[in-house]
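*Asks:* Each chain, letter by letter, is given below.
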Amino acid sequence: MSTFGDPGFRLHTAMGQFLSLIVYHIADDILIPWDLPHAATVLSNYITELNETITSSDYSTLDITPIADAIAEFTTQAKRIDQIGKQALAFNDTNMIGVVNSKYRDFPRGFTSVGGLPGRQTFKNIISAPGIDNGYGADVFPAVTDSVGGGNEAAAKEWIEKSARAVSRAAEILRIGE
Amino acid sequence: MKDALPLLAALEGNGVSAEKANRSGWHGGFSNITYHSGPTPGALVNMDHNMKGYIAPVWDVIGIINGTSPDEVVVVGNHRDAWVIGGAADPNSGSAIMVEMANAFGKLLAKGWKPRRTIILGSWDAEEFGLQGSTEWVETHLPWLQTTAVAYVNMDVGVSGPRTNFDGVGEMQSVVVEQMKKILYPEGWGDFPTIYDMWYNTTKGTISPLGSGSDYAGFYQNGIAAVSLSLIVSRCQLTTSI
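Here the protein sequences line up with chains A and B, keeping their order.
Sequential numbering of the first sequence, starting at 0, is according to numbering that gives the first Met the number 0.
Sequential numbering of the second sequence, starting at 0, is according to numbering that gives the first Met the number 0.
Read the hints as simulated data drawn from the structure, not as lab findings.
Bear in mind that the values here come from a model prediction, so they are computed numbers and not experimental data.
A few of these clues could be false.
[Said to hold, decoys possible] As a list, the in silico SDA-like pairs of lysine to any residue whose alpha-carbon atoms are at most 20 Å apart:
#1 K102(A) <-> S68(B)
#2 K85(A) <-> K19(B)
#3 K203(B) <-> G24(B)
#4 K106(B) <-> V174(B)
#5 K85(A) <-> V174(B)
#6 K19(B) <-> K102(A)
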């Protein structure tokens, strides 16, 4: 490192500043610094990717609207909690800040499927997982993608429903009041 | 890579081509190779593989900074075991960075600072053997983590080159990108004012979802928000080395 990789360790220094600032803000900001509207945008990008996988597969008529509908609901709740969080911070409403923080902490638990993805119990996150034959890369909505890739239409349908329910569950955890 | 050429050449025209497989990273850098999957009937490869088989203990080293809000926990980690004796980049560059971060937090603590959320620093063992150290730790503490964990921040190959690689969940992407804008990029590695400029110019802002291959997997697969960070030679290198 001192001869070839990073003479003077200036890259190490920059990386140390980067990591420390990230951890400092997540650990000490009054409001956990999450961007939920952006999380919703990312999920929308992933459903576009899933749609491309399906339309170019042997099961191009598979209906993924249950997941799309769940993401639409997630988007609504994401925008709402983002506004409520910013307001609570502006008015120093410590009770509401606590509520938003606990929901920011808890909502991704909804993305997991208790029994695991089909054929691989240790992978539970229905949003992304390593591709079955993709090395270090990741597939989005992996249970649906794997089922389509494996030629199992019934399983694909089942996992479209299950994945939609998981996204809905995450949206439900984000919901405040009403 | 030269040693791989005869093997790749033997696969030519047999099985599925990289184009047909249509998967990212299946087509390599040799322009005269088609990157077929095989099998190639009749091709024979002799392989000698010398290794020692023995059982050894696995040690995770855990540091804890207690926060004022006991039901909110942030975990940050980097593995400590290496493929080889040495492992300057993977993982020791990250271990050095973790130690410096612990030192910085220690100085804040000495001034009376106490974070809102508890910070756990994990130096994981046996990552290269299948993420064993971190996964065992997650499984041992799962009920507590599922109740309290706000996020897991992973670093692996802290520094092996001058380009940031960053993957992770949507809700955490903005805060990570914001911090990049605050950090001056060292001279001599490209004409960029901040880490953000370097990252954005070399990746066009691409942030991949999490798969596996480093210690975030145990956390993320149990529903904990996670990001993974490194400085690497180039972005595509990450898919082959960790």
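*Asks:* Give a verdict on every hint.
*Replies:* Hint-by-hint comparison with the structure:
| no. | hint | verdict |
| --- | --- | --- |
| 1 | K102(A) <-> S68(B) | 15 Å, holds |
| 2 | K85(A) <-> K19(B) | 49 Å, violated |
| 3 | K203(B) <-> G24(B) | 18 Å, holds |
| 4 | K106(B) <-> V174(B) | 24 Å, violated |
| 5 | K85(A) <-> V174(B) | 15 Å, holds |
| 6 | K19(B) <-> K102(A) | 44 Å, violated |
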